[in-house]
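Each chain sits in its own coordinate frame; assemble them with the hints.
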Amino acid sequence: MKIDVHHLDDLALGSVFLATGGGGDPYVPKLIAEEALKKFGPVEVIEAEDLNDDAYIVTIGGVGAPTVSLELLPSIEDAAKTLEAFEQQVGRRVDAVASFEIGGGNSLIPLVAAAGRGIPVVNGDGMGRALPEAQMMTYAIAGVKPTPAIAYDYAGNITSFSTSTTEVYERHIRSLAMSAGGMITTAEHPMSGRQIKEALIPGTLTFSIELGKILHENRGNAEELLKPLQSIFEPSIYGDCRCLFMGKVIDKSTRIIGGYDIGEATIEAFDGVGDTLSVSIKNEYLFAKVGEKVVATVPDLIVIVDYETSTPINAERLRFGQRVAVFAVGCPDFYRSKRALDVVSPRCFGFDVDYVPLEDLG
Amino acid sequence: MRIGIDVGGTHTDAVILHNDKVVAATKALTTADVVSGISQALDTILADAAIAQSQIETVMIGTTQFTNAIIERRELSPVAAVRIGLPSGNGLPPMLDWPEDIAGAVDGHSYMLHGGYLYDGYKVDDLREDEIEALIADLLKKKLKNIAISSAFSPMNASPEKEVAARIKAAIPDARMSLSYNFGRLGLMERENAAILNTTLLPFAEKVVTSFLKALSQRGLTCPVYISQNDGTLMSADFVKSYPALTFASGPTNSLRGASKLTGLQEAIVVDIGGTTSDIGVLQNGFPRESNVVVEVGGVRTNFRMPDILAIGLGGGSMVSQEGQKIGPQSVGHRLVNEGLVFGGKTLTATDILVASGKADIGNIPAVADLEPQIVANAQATMHRMLDQNIDMMKPGGKAMPVILVGGGAVLVTEGLKAASEVYRPENAGVANAIGAAIAQIGGESERLVSYRNASREEMIAKVTKEATDRALTAGASEKTIRTVDIEETAIPYMDEASTRLRVKVIGDIAMTDQEKRAAS
Chain A
-3 MKIDVHHLDD
7 LALGSVFLAT
17 GGGGDPYVPK
27 LIAEEALKKF
37 GPVEVIEAED
47 LNDDAYIVTI
57 GGVGAPTVSL
67 ELLPSIEDAA
77 KTLEAFEQQV
87 GRRVDAVASF
97 EIGGGNSLIP
107 LVAAAGRGIP
117 VVNGDGMGRA
127 LPEAQMMTYA
137 IAGVKPTPAI
147 AYDYAGNITS
157 FSTSTTEVYE
167 RHIRSLAMSA
177 GGMITTAEHP
187 MSGRQIKEAL
197 IPGTLTFSIE
207 LGKILHENRG
217 NAEELLKPLQ
227 SIFEPSIYGD
237 CRCLFMGKVI
247 DKSTRIIGGY
257 DIGEATIEAF
267 DGVGDTLSVS
277 IKNEYLFAKV
287 GEKVVATVPD
297 LIVIVDYETS
307 TPINAERLRF
317 GQRVAVFAVG
327 CPDFYRSKRA
337 LDVVSPRCFG
347 FDVDYVPLED
357 LG
Chain B
772 MRIGIDVGGT
782 HTDAVILHND
792 KVVAATKALT
802 TADVVSGISQ
812 ALDTILADAA
822 IAQSQIETVM
832 IGTTQFTNAI
842 IERRELSPVA
852 AVRIGLPSGN
862 GLPPMLDWPE
872 DIAGAVDGHS
882 YMLHGGYLYD
892 GYKVDDLRED
902 EIEALIADLL
912 KKKLKNIAIS
922 SAFSPMNASP
932 EKEVAARIKA
942 AIPDARMSLS
952 YNFGRLGLME
962 RENAAILNTT
972 LLPFAEKVVT
982 SFLKALSQRG
992 LTCPVYISQN
1002 DGTLMSADFV
1012 KSYPALTFAS
1022 GPTNSLRGAS
1032 KLTGLQEAIV
1042 VDIGGTTSDI
1052 GVLQNGFPRE
1062 SNVVVEVGGV
1072 RTNFRMPDIL
1082 AIGLGGGSMV
1092 SQEGQKIGPQ
1102 SVGHRLVNEG
1112 LVFGGKTLTA
1122 TDILVASGKA
1132 DIGNIPAVAD
1142 LEPQIVANAQ
1152 ATMHRMLDQN
1162 IDMMKPGGKA
1172 MPVILVGGGA
1182 VLVTEGLKAA
1192 SEVYRPENAG
1202 VANAIGAAIA
1212 QIGGESERLV
1222 SYRNASREEM
1232 IAKVTKEATD
1242 RALTAGASEK
1252 TIRTVDIEET
1262 AIPYMDEAST
1272 RLRVKVIGDI
1282 AMTDQEKRAA
1292 S
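Chains A and B supply the protein sequences, listed in that same order.
Residue numbers are given in the numbering used here: position 234 of the first sequence equals residue 230, and the series is strictly consecutive.
Take the position in the second sequence, starting the count at 1, then add 771; the result is the number in the numbering used here.
Accuracy of the hints is not assured; some may be wrong.
Below 30 angstroms or equal to it, Euclidean Cα-Cα: the simulated DSSO-like pairs (lysine-lysine) are [said to hold, decoys possible]:
id, chain 1, residue 1, chain 2, residue 2
1, B, Lys978, A, Lys289
2, B, Lys940, B, Lys912
3, A, Lys248, B, Lys1189
4, B, Lys940, B, Lys978
5, A, Lys248, B, Lys1170
Simulated from the structure, these hints should not be mistaken for laboratory data.
Next comes chain B alone, as it looks inside the complex (with noise of 0.2 angstroms):
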């Protein structure tokens, strides 16, 4: 059996799993040191389960708290920013393009060095002794531990940020650090950044995982721990100390993932209606449909890739105008509960149409027994309408798919949608989450830019995709479930005729056994 746990903003969900059956569920509110939170959610599912602590074999935790760590810019430690790529770049150091408050919350102190490697594998330049020794001393004199280091090109060759990580290891033993080369994907100030944001993140996540275990622990839970990325692959809970911005997103991901286990779909629309806006997003093989924009993370440039979502103005404490032609974008959100008519307010909402139409049994039901039946069918016709316009938009071709209804106003959807084949309404969507964490695996990636020409296709997958499968074992799966998910080739205009980038991205099951454990260690 496994435990999945959702750590949100506002809830904390828990679910057991036994054998992809929710035993257990619940919803708790996530209190402000996060951990008694926890505990209470574990309390409730194990006695509610009846089971042994001894039956758990795993437990999957989803965190937001390194995302809003970052949006809120707290528990942000100190960093000293190390980019190798002299003379290229010069003048345009670390952080250059970061929003003050952010920049003046992780304190960055950026250095430049020379070195670092071209396209083609040719040296930008040596690195430098002097440059080295006067890093190190400058990092001693301002007492600098969390250090980002990032070099050109360091996805297909990182030896020079390996080197200087070594030597400042030698200098400074208790230094921490994050290498541009393990956040993947050419792009170097977006890899460098999500470095950074990394690595201003490490005490906070020494934090975090230390008393998530320690919870654990003291529920007598000592099975592995895994936390969630937002690509929907888990890392073991040590790994999370070293790579915590790995969780950005991680919860749409969760969403998503748990609504396809839910349903058994691989294929599908999932709407998570909550109670200002429906969130619309597409299962693809059962994972999310990534967003080929570039993220910004609290107003910073980062290569991480997240879910497309789709977020529109409609959710139950939506209001209603124009005679309910209009539904939204205004929502009364968590004030629904005392401005909503059926709750003796004023405010006519979604909730409101709802209740009124008879589909629903919320609040004071008379309190909206005089509105005109015209208005309560234009509203719900808008409602629907909205939502199968926007569907419409997400789906990935012009057949009618699969919709999953997920989210507390899944009910505002109380007729068929056009825009789907069939709708879904699973039991449990309201833990969507925490099963979506509960049912993950791991995974690898790696990226190169390849030459065809030097090399044979065949030969550079093989090659790509061993570098990812080794990141998949160092992250505690198990060698002989590992199967390659995505192969990505992206063509390099104004560049040699074969040249490419190639990504490959690998998942496979949680090591188990011993044997395979002492492999990912």
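So that you can see chain A by itself, here it is in the shape it has in the complex (with noise of 0.2 angstroms):
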């Protein structure tokens, strides 16, 4: 398969969806990769399965402050120069490249860096949704190292990598991306095909552009969207998708700590009758309580969209008096896995209960 200017709006939408109110809004990525395959073409879209087992890849995406970005535009050529600047520090070409995260604006950048480069672009990505940190990735939790990586700014300033854990790489690169405007582009967790083919999230990248088109196609009052989104979820590497609720924002209060946006939201029943629904949030949707009923965790993805026109919520657009509903999805089994809970597991976020599958919860 091939994408193609036309699948972008589709694949925005539903990385929305996958990011899991985090991610950052994807518009400005949307505009630099129509405008990237625009220029250069569509862009092909390789299975993992398909690469050799030799073949060179790297990952490829913005870090940083999403909201930055809203002043500090991204350039159409950065992601390609990064990839060069990437070839030139290791000494060899890169084959394919690959996304951090599907959830939100890094789903697209991989593309504007395929299309500059002329190769193809990876189907699946590091977490099949979005979450807050680099050892969170499938890629670390598989094993594989985040350097050799490069930096590059918005005035093409490029800073290499080279560290001994991913938390150490997490906590530079960080502190660079403050430093270099808010916002960087990094070539990092550079792996081979045998090597990815065990830590990718499958296929997530065209199920991010049919999820899109589902989204469009059930633009509208969110009471209708629970049936189409079971008819795409059921089937695919997530599993079980279930509606946790429907009512309005009573409560919405957030703080920074560490760099993270942490807080909790109330959502009350449009009559006022029962129990509301609480949500905690470190940048993403991460635990959702009916009452004191657990009703979804992390990794399961808890998803927030306006109820009159099913539009997926970021956390940080997220006010008092909006209408919504809250969506749950199952996670892929990746991360149900021992070696994957030890770092996405409620307790990782500060939560004092185990991980319940979704479909376990009742």
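This is the structure:
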């Protein structure tokens, strides 16, 4: 399959849904991708299983504060220049690029790089959703080292990284982003074809396009959204999909701790009757309870959409008074393994409960 | 005494208020030239109130002309859009994703220069002399005189916009310019779009304001004239010549503000029932609750804040089907007076149900005498249920709230509403918009991305409040009446812990004394 300009609206919308409240607004990345695909033509999508075991793949995307890129706009050449700088650093050609996370704007950046360099993009990503930290990526969990890595800023300054661990890499790359205007493009987690087959959440690029298509077709009242969502999620790597709640936001408080938007929103039923739903936020929606009963937790997906239009709502934009519907979707099996839950279970985010898969929560 | 005028697409309403009491009110048709409709409305209210022109202290006008000009793509002038921000944003020029028809209508010319600032005050790049000279040469060559200027993080540091504007002004003295920092709020493309839409309206604004002033002076009204903005505050007529885009969506805002004035309620739900829809809005602290979604005007993304309005398909012309179980969203609209049963037509409408219930005397009552009582009862229950459910959705909390009914379709509500603690049907509800315009005050707003690490929260709030206050004074507010009405702090993820988007809004009375006016000018 090739991804062309006309797929981008669907991909962007699907990626906002999978971003579970985080990931940033893909509006600007989508504009960049549109311009890149118009200029360089469509991008070839390659399945991980079709890659040679010795193929060389690197992941590429933006790192920093998505809010900043609403002012400090990216440039059309940033992604391809990052890739070029990476190739110079490691002294070899890259055969394909892949995405860090399908949730949000970083679903689109690999397309921009791939278009500019005329190489394919791998169908899949390192999260299957959005998550706040690099060590939560499937690549890191599968043991892929983040470096050698390259960071490229708005002015074309290039910084290379060689770090001991993913955690150290994460700290260094974040502090560089802050001193380089708040947002940088990075090429990182280089791996072989054999490695990526083990480390990838497969198929999410084309899945996100299909999901976006369904969301576009079902714009309007969220009461009608569950069936179409189930029709696409249930046969997929995600599985269970359910509507947790409908109502309006009666409280939302967040504060920034260590660069993360941490807080909680409370949603009350439209008629004001019964328990409220509370959702805990750390950039993404991570943990939902109705009254005292846990109804969904990370790494399963919790998504909040606007009640009237079914548009997914970013956690930053969730406000008092908004009328919303809350959905939950099971996560891919990769995240249900012990080694994955060691870094993405609810406890890793400070919640005092063990992970119970969505479908077992009743 | 003050006069409030609302120029809508269909009607031009006018009221005279004396100490907030309605002395005279009228509803006239909006004329093609707009001005003669205003003149007629003025003649009517001045005669009805039997007062001398000299007793009128101010005139406030709400107008949809600028919104309609954008939506209908007319009266738009060619624009040069200059963005200062390279090397960032290369390949993403201004107006990139505008719908073709409006991009064509504004005949946009894009320019990109190096310069601008980062979130932390560090320079993106220096302005380049050769780029500025080339820009000016091209503007002169293409005879472009309406110019929008934007730069990265200009709400925090507008000096690149101001410097380039000064250079253009020196070379092209009759240039009309809009600087994006005056349209507040972070989000470069949306702010830039607001500035471009404003710029394309500048020659039309000059024409509109001049004709308003002419219509008023012909009626012997020489008092100060103000025009309402989308947030329910006013700008002086002169200010509108430079900022016409700030009038977008002032209509619904004035309607909500007028409803608040008519009832004295600060916290309430306002339901404006027309022929096709019921528009439900929320009053908080006497002002409309604002919507948080990105607002498109004529298909262009902007950073304007609009009132949060939920429109449902229920009005006087809504069609009734399924034995009264379903009402709307289809409506006969303005054809009600031909197509409704009580008007001799063949379509069962909400108005027919109302007449059949015996609660209203409209049109030919025998025409609905044969309607089954069960259908009438069903339809009435459906209407009330639709309103109850949707009011519940808009209410900020679970508690019942006062509901203010305005608009011609308000008569459809014959029973109490479960969602309402009390239902208000104010007199003069038909001219709520004009009243909303007449009672408006002057506001000012400023927004910055701040870090509480480098300066205390109090210091930063004081600084941003000062900027908002300066804007209110420039717009014609009286300094001693200015008060802060809103402080919004939004933490920014993936940034320094103390990074916050801080927005302050102030409001004050119109400056009346000469001294205050001088301070404002």
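message: Checking one constraint from the list: CA of Lys248(A) to CA of Lys1189(B), max 30 angstroms. Satisfied?
response: 27 angstroms, holds
message: Need the status of pair Lys940(B), Lys912(B): alpha-carbon distance at most 30 angstroms?
response: Since the Cα atoms of Lys940(B) and Lys912(B) sit roughly 15 angstroms apart, the hinted pair holds (cutoff 30 angstroms).
- request: Would you mind confirming whether the straight-line C-alpha gap from Lys248(A) to Lys1170(B) stays at or under 30 angstroms?
  value: Distance ~18 angstroms between Lys248(A) and Lys1170(B) Cα, so the pair holds.
Given pair status - Lys289(A), Lys978(B), alpha carbons within 30 angstroms: 63 angstroms, violated
task: Given the hint that Lys940(B) pairs with Lys978(B), test it: the Cα-Cα distance must not exceed 30 angstroms.
output: 22 angstroms, holds
Hint compliance for this structure: hint 1 is the single one not met.
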